Structure formats: structure tokens, C-alpha cells
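K.L.:
This is what each chain is made of:
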Amino acid sequence: MRLSYPSNIKVIQVPCSGRVDILHLLKAIEDGADGVYIAGCLEGECHFLTGNLKARRRVNYVKKVLSELGIEPERVEMYNLSAGEGPRFVEIAKEMTERIQALGPSPVNLKRAA
Amino acid sequence: MIVADRKPLTEILEMIDDCDNVLIIGCKGCVTVCNVGGAKEVGILASALKIARKKEGRTLEVGERTIERQCDPEYIELVKNEVGSYDAVISMACGVGPQFLSNAYPDQRFFPAVNTTFFGGAVQHGIWEERCAGCGQCIIHYFDGMCPIARCSKSLLNGPCGGSAGGKCEISKEVDCIWDLIVRKKMENGRLEDLLSVRPPKSWDTARDGGPRRSVREELVQ
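Those sequence lines, one after another, are chains A and W. Taking our numbering, the leading residue of the first sequence gets 242, the next gets one more, and so forth. Taking our numbering, the leading residue of the second sequence gets 4, the next gets one more, and so forth.
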């Protein structure tokens with residue numbers, strides 16, 4: 242397919258989205274990522290049954306933590322798509338990049354740069 | 004177990020506002036089981052506090068430590084070389100933890116990161132309910148294994164009251180009327196007669212009404 246997606250996205254592979262922990266998402270924000278999203282399998286299609294559902298709950302928890310800290314919760318997101326949906330992967334990557342660009346740099350980075 | 008909820012992050016941030024470095028101490032007891040103050044939650048709180056500080060353009064160094072229990076002096080002693088190196092210490096244990104720590108290290112400040120709520124258990128993953136009020140004189144055997152002190156909103160010993168409707172308590176649709184459950188179980192088991200027996204009024208001397216409580220086990224005191 243050779244589709245290209247925005248180069249600002251750094252892909253971290255995990256065996257299942259259920260492997261992604263609250264702390265992984267928080268650490269990414271803490272270390273300066275402007276946004277983080279999980280691309281998990283379609284709901285109901287998890288090979289391990291509930292990995293992607295757990296991932297979604299963790300994303301929601303992190304959104305809550307960020308809101309409490311006055312940081313836009315939209316910086317963290319959960320997406321579901323199948324492994325065969327290359328074009329959808331690109332679409333999501335672009336969508337998330339646009340969203341983060343609209344939000345601007347993470348407030349964690351803003352103060353650091355100042 | 005003792006069940007607790009984490010305090011809002013803003014409240015914790017306010018407590019440590021004048022600190023540049025803090026130590027967060029978790030507890031591997033009850034608060035680990037109810038996912039509030041174990042090693043994992045210590046990590047999450049540390050990261051959240053650091054994010055909040057970076058957002059303000061300030062730095063915060065956070066030490067993380069989780070000990071076996073914060074309600075035993077022998078484990079409290081294990082952190083003696085660490086507590087002094089920080090501006091303040093945050094305890095993620097129940098209300099007992101920060102008090103034991105404060106008592107052992109009088110020169111340091113200890114902040115509670117959780118609100119201790121009740122004695123209870125997990126009715127399903129992620130949901131805990133109160134089951135015991137620690138009244139000091141257990142009477143659940145009279146009520147087929149259900150405690151009306153902890154589970155009736157009015158702690159009635161001769162319920163149900165007029166607020167019971169459709170098996171639920173008038174305070175919330177999510178709260179079962181424990182007296183409805185007690186009477187039903189007694190009827191199902193053919194023991195409804197038990198509720199007719201007359202018992203003297205419950206003595207509340209052993210509950211909080213009698214002041215702070217103390218338990219002494221002669222065979223263990225050294």
C-alpha cells in the first residue's frame with residue numbers, strides 16, 4: 242500500500258492494546274509528548290477478549306487526570322481499527338496530528354521552552 | 004479491608020505547594036487491594052504531580068516507595084533513611100499510615116493522599132461496598148450474616164423502616180434495604196421467628212461513642 246502518515250508520529254508496538262498502561266500514557270505526557278493515542282483492534286475483535294476495552298478505560302482515566310491538571314483531555318485518545326485497515330490508520334494519524342496542532346504544544350513543554 | 008479514595012489532585016498539589024521534592028509512600032495492605040495506594044498508584048500520582056509542576060514551569064522531584072504496611076512500626080522503620088531527605092512525605096495509606104509516620108518521624112511533614120472511607124469489600128471488580136461499621140460488638144449472626152449497623156442507613160436493629168420500597172433504601176436506588184434482604188432470607192430459610200425474640204438494647208460502649216479504642220492482647224505484649 243505504501244501509504245504515508247505524518248512523520249511526527251512515533252509508533253510504539255505492543256502485543257495488544259491491553260498492554261498499554263495508565264503509566265505509559267502519563268509518562269509520555271510527562272516526558273513532553275504533545276499527544277498520545279492508542280490504535281487498538283476493533284471492539285469485540287480482541288484476540289485476548291478485552292484488551293482493547295481495558296485500553297479504552299485507561300485512556301478515559303488519563304483524560305480525567307489531565308482534566309484535573311488543567312490540560313486538554315483531547316491530547317489522549319483511543320481509536321479502534323483492524324490490522325487490515327491501512328488507509329484508516331493513516332486517516333487516524335492525520336486526524337490526531339491536526340487535533341494536536343490545533344491545540345498547540347503541550348503546556349508541559351510551553352513552560353519548559355519559556 | 005479498609006477502603007479509600009484518592010484525594011483530588013488539586014488538593015494534593017496545594018498541600019505540597021512549597022515543596023521541591025517529596026517522597027510518596029504507598030502501602031501494600033488494604034489500599035493496594037482497593038487500587039488506591041499501592042506501588043502502581045504511587046507511580047501514577049508521582050507522574051501526575053510531575054506533569055502538574057512542569058505545566059507551571061517548576062520542577063518537582065518525587066521519590067517513590069511502597070512498604071509492606073504503614074500500620075506497623077517495624078515497616079515504618081524501614082524508611083528512616085529516606086524521609087529526612089525530602090521537603091515532605093505523602094502517604095497513600097489509609098488514615099493510619101500518615102499518623103504512624105508522623106509519630107515515628109516528628110521532624111517531617113506527612114500529607115495524606117487518600118480519603119479513608121469505610122470497611123468493606125469488592126462486590127465486583129472496581130466497585131466496593133461498606134460491610135462493617137467497626138461497632139466493637141458483632142451481631143451479624145442474629146441477622147443471617149448481614150449487618151444492619153453498617154448496611155442500614157439508619158443502623159436500625161428492628162427494621163425495615165418506612166423508607167424501604169421495592170427492596171431499595173430511600174436514600175438511593177443503588178442502595179439495597181438491608182432489612183428487606185434480612186427479612187427475605189429469614190422467610191426463605193423458615194427462620195422469621197428469630198426476629199421476634201426480644202433482645203436488650205445494643206450497648207454502644209464498644210463503638211466510637213466510648214471514645215478512641217484500644218485492643219490489648221496480653222499473650223502478645225512483650
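I should point out that these hints are in silico values taken from the structure, not numbers from a laboratory. There's no promise every hint is true.
To be verified - Simulated crosslink set (DSS-like; lysine-lysine; CA at most 30 Å straight-line):
| no. | chain 1 | residue 1 | chain 2 | residue 2 |
| --- | --- | --- | --- | --- |
| 1 | W | Lys-53 | A | Lys-304 |
| 2 | W | Lys-43 | A | Lys-268 |
| 3 | W | Lys-58 | A | Lys-305 |
| 4 | A | Lys-304 | W | Lys-31 |
| 5 | A | Lys-295 | W | Lys-31 |
| 6 | W | Lys-10 | A | Lys-268 |
| 7 | A | Lys-335 | A | Lys-304 |
| 8 | W | Lys-171 | W | Lys-188 |
| 9 | A | Lys-268 | W | Lys-53 |
| 10 | W | Lys-10 | W | Lys-43 |
| 11 | A | Lys-295 | W | Lys-10 |
| 12 | A | Lys-251 | W | Lys-53 |
| 13 | A | Lys-305 | A | Lys-335 |
| 14 | W | Lys-10 | W | Lys-188 |
| 15 | A | Lys-295 | W | Lys-188 |
| 16 | A | Lys-305 | W | Lys-188 |
| 17 | W | Lys-43 | W | Lys-83 |
| 18 | A | Lys-304 | W | Lys-157 |
| 19 | W | Lys-189 | A | Lys-251 |
| 20 | A | Lys-304 | W | Lys-189 |
| 21 | W | Lys-205 | W | Lys-171 |
| 22 | W | Lys-58 | A | Lys-335 |
| 23 | W | Lys-157 | W | Lys-171 |
| 24 | A | Lys-268 | W | Lys-176 |
| 25 | W | Lys-31 | W | Lys-10 |
| 26 | W | Lys-10 | W | Lys-176 |
| 27 | W | Lys-58 | A | Lys-268 |
| 28 | W | Lys-83 | W | Lys-53 |
| 29 | W | Lys-157 | W | Lys-83 |
| 30 | A | Lys-268 | A | Lys-335 |
| 31 | W | Lys-31 | W | Lys-83 |
| 32 | W | Lys-205 | W | Lys-189 |
| 33 | A | Lys-304 | W | Lys-188 |
| 34 | W | Lys-58 | W | Lys-43 |
| 35 | W | Lys-189 | W | Lys-176 |
| 36 | A | Lys-305 | W | Lys-31 |
| 37 | A | Lys-305 | W | Lys-205 |
Claimed, not checked - Sample of chain A residues with no beta-carbon within 12 Å of chain W, all distances over it, derived:
| no. | residue |
| --- | --- |
| 38 | Gln-254 |
| 39 | Lys-268 |
| 40 | Ile-270 |
On a predicted model such as this, the values are computed, not experimentally measured, just so you know. Heads up, the beta-carbon is just placed ideally off N, CA and C, and yes, glycines get one too.
K.L.:
Decide, hint by hint, whether the structure agrees.
P.N.:
Structure-based check of all given hints:
Between Lys-53(W) and Lys-304(A), the direct Cα distance comes to roughly 16 Å. Compliance with the 30 Å bound is thereby established for this hinted pair. For the given pair, Lys-43(W) sits about 13 Å from Lys-268(A) by alpha-carbon distance, which is consistent with the 30 Å threshold. A threshold of 30 Å between alpha carbons decides the hint, and for Lys-58(W) with Lys-305(A) the separation of about 16 Å falls inside it, so the pair holds. With a C-alpha separation of about 27 Å, the suggested pair Lys-304(A) and Lys-31(W) falls inside the 30 Å cut-off, and the hint holds.
Of the supplied pair hints, the one linking Lys-295(A) and Lys-31(W) holds, its CA atoms being roughly 24 Å apart against a limit of 30 Å. The hinted pair formed by Lys-10(W) and Lys-268(A) meets the criterion: a straight-line CA distance of about 21 Å does not exceed 30 Å. For the hint linking Lys-335(A) to Lys-304(A), the alpha-carbon distance of about 21 Å falls within 30 Å, and the restraint holds. A distance of roughly 15 Å separates the Cα atoms of Lys-171(W) and Lys-188(W); the hinted pair therefore holds under the 30 Å criterion.
Only pairs whose Cα atoms come within 30 Å are accepted, and Lys-268(A) paired with Lys-53(W) is accepted, the gap being roughly 10 Å. For the proposed pair Lys-10(W) and Lys-43(W), the alpha carbon gap of about 16 Å is at most 30 Å, so the pair holds. Distance check on the hinted pair: Lys-295(A) and Lys-10(W) sit about 24 Å apart at the alpha-carbon level, within 30 Å; holds. About 23 Å separates the Cα atoms of Lys-251(A) and Lys-53(W), which keeps this hinted pair within 30 Å; it holds.
In summary, the hint linking Lys-305(A) to Lys-335(A) is supported, as the alpha carbons are separated by about 24 Å, within the 30 Å threshold. Annotation: proposed proximity of Lys-10(W) to Lys-188(W) is violated, straight-line Cα distance about 38 Å (limit 30 Å). For the hint linking Lys-295(A) to Lys-188(W), the alpha-carbon distance of about 37 Å lies beyond 30 Å, and the restraint is violated. For the given pair, Lys-305(A) sits about 41 Å from Lys-188(W) by alpha-carbon distance, which is inconsistent with the 30 Å threshold.
A distance of roughly 22 Å separates the Cα atoms of Lys-43(W) and Lys-83(W); the hinted pair therefore holds under the 30 Å criterion. For the hint linking Lys-304(A) to Lys-157(W), the alpha-carbon distance of about 38 Å lies beyond 30 Å, and the restraint is violated. Of the pairs offered as hints, the one joining Lys-189(W) and Lys-251(A) is violated, with about 62 Å between alpha carbons and a cut-off of 30 Å exceeded. For the given pair, Lys-304(A) sits about 47 Å from Lys-189(W) by alpha-carbon distance, which is inconsistent with the 30 Å threshold.
With a C-alpha separation of about 25 Å, the suggested pair Lys-205(W) and Lys-171(W) falls inside the 30 Å cut-off, and the hint holds. With a C-alpha separation of about 26 Å, the suggested pairing of Lys-58(W) with Lys-335(A) holds against the 30 Å cut-off. Of the pairs offered as hints, the one joining Lys-157(W) and Lys-171(W) holds, with about 14 Å between alpha carbons and a cut-off of 30 Å not exceeded. A distance of roughly 39 Å separates the Cα atoms of Lys-268(A) and Lys-176(W); the hinted pair therefore is violated under the 30 Å criterion.
Our distance criterion of 30 Å between C-alpha atoms is met by Lys-31(W) and Lys-10(W), whose separation comes to about 18 Å. Proposed proximity of Lys-10(W) and Lys-176(W) is supported: the alpha carbons are some 26 Å apart, at most 30 Å. Proximity of Lys-58(W) to Lys-268(A) is assessed by CA-CA distance (about 14 Å); at most 30 Å being required, the pair is judged to hold. At most 30 Å may separate the alpha-carbon atoms for a hinted pair to count; Lys-83(W) and Lys-53(W) meet this at roughly 24 Å.
Restraint check for Lys-157(W) and Lys-83(W): the C-alpha separation of about 44 Å exceeds 30 Å, so the hint is violated. Straight-line distance between C-alpha atoms of Lys-268(A) and Lys-335(A) comes to about 23 Å, which keeps the hinted pair within the 30 Å bound. At most 30 Å may separate the alpha-carbon atoms for a hinted pair to count; Lys-31(W) and Lys-83(W) meet this at roughly 18 Å. Between Lys-205(W) and Lys-189(W), the direct Cα distance comes to roughly 21 Å. Compliance with the 30 Å bound is thereby established for this hinted pair.
Annotation: proposed proximity of Lys-304(A) to Lys-188(W) is violated, straight-line Cα distance about 44 Å (limit 30 Å). A hinted pair counts as satisfied when its Cα atoms are at most 30 Å apart, and Lys-58(W) with Lys-43(W) qualifies at roughly 23 Å. For the given pair, Lys-189(W) sits about 23 Å from Lys-176(W) by alpha-carbon distance, which is consistent with the 30 Å threshold. With a C-alpha separation of about 25 Å, the suggested pair Lys-305(A) and Lys-31(W) falls inside the 30 Å cut-off, and the hint holds.
Our distance criterion of 30 Å between C-alpha atoms is broken by Lys-305(A) and Lys-205(W), whose separation comes to about 45 Å. Interface exclusion of Gln-254(A) from chain W stands, the closest Cβ pair being 22 Å apart, more than 12 Å. With a minimum CB-CB distance of about 6 Å to chain W, Lys-268(A) fails to clear the 12 Å threshold, and the non-interface call is violated. A cut-off of 12 Å between C-beta atoms contradicts the statement that Ile-270(A) is not in contact with chain W; the least separation is 6 Å.
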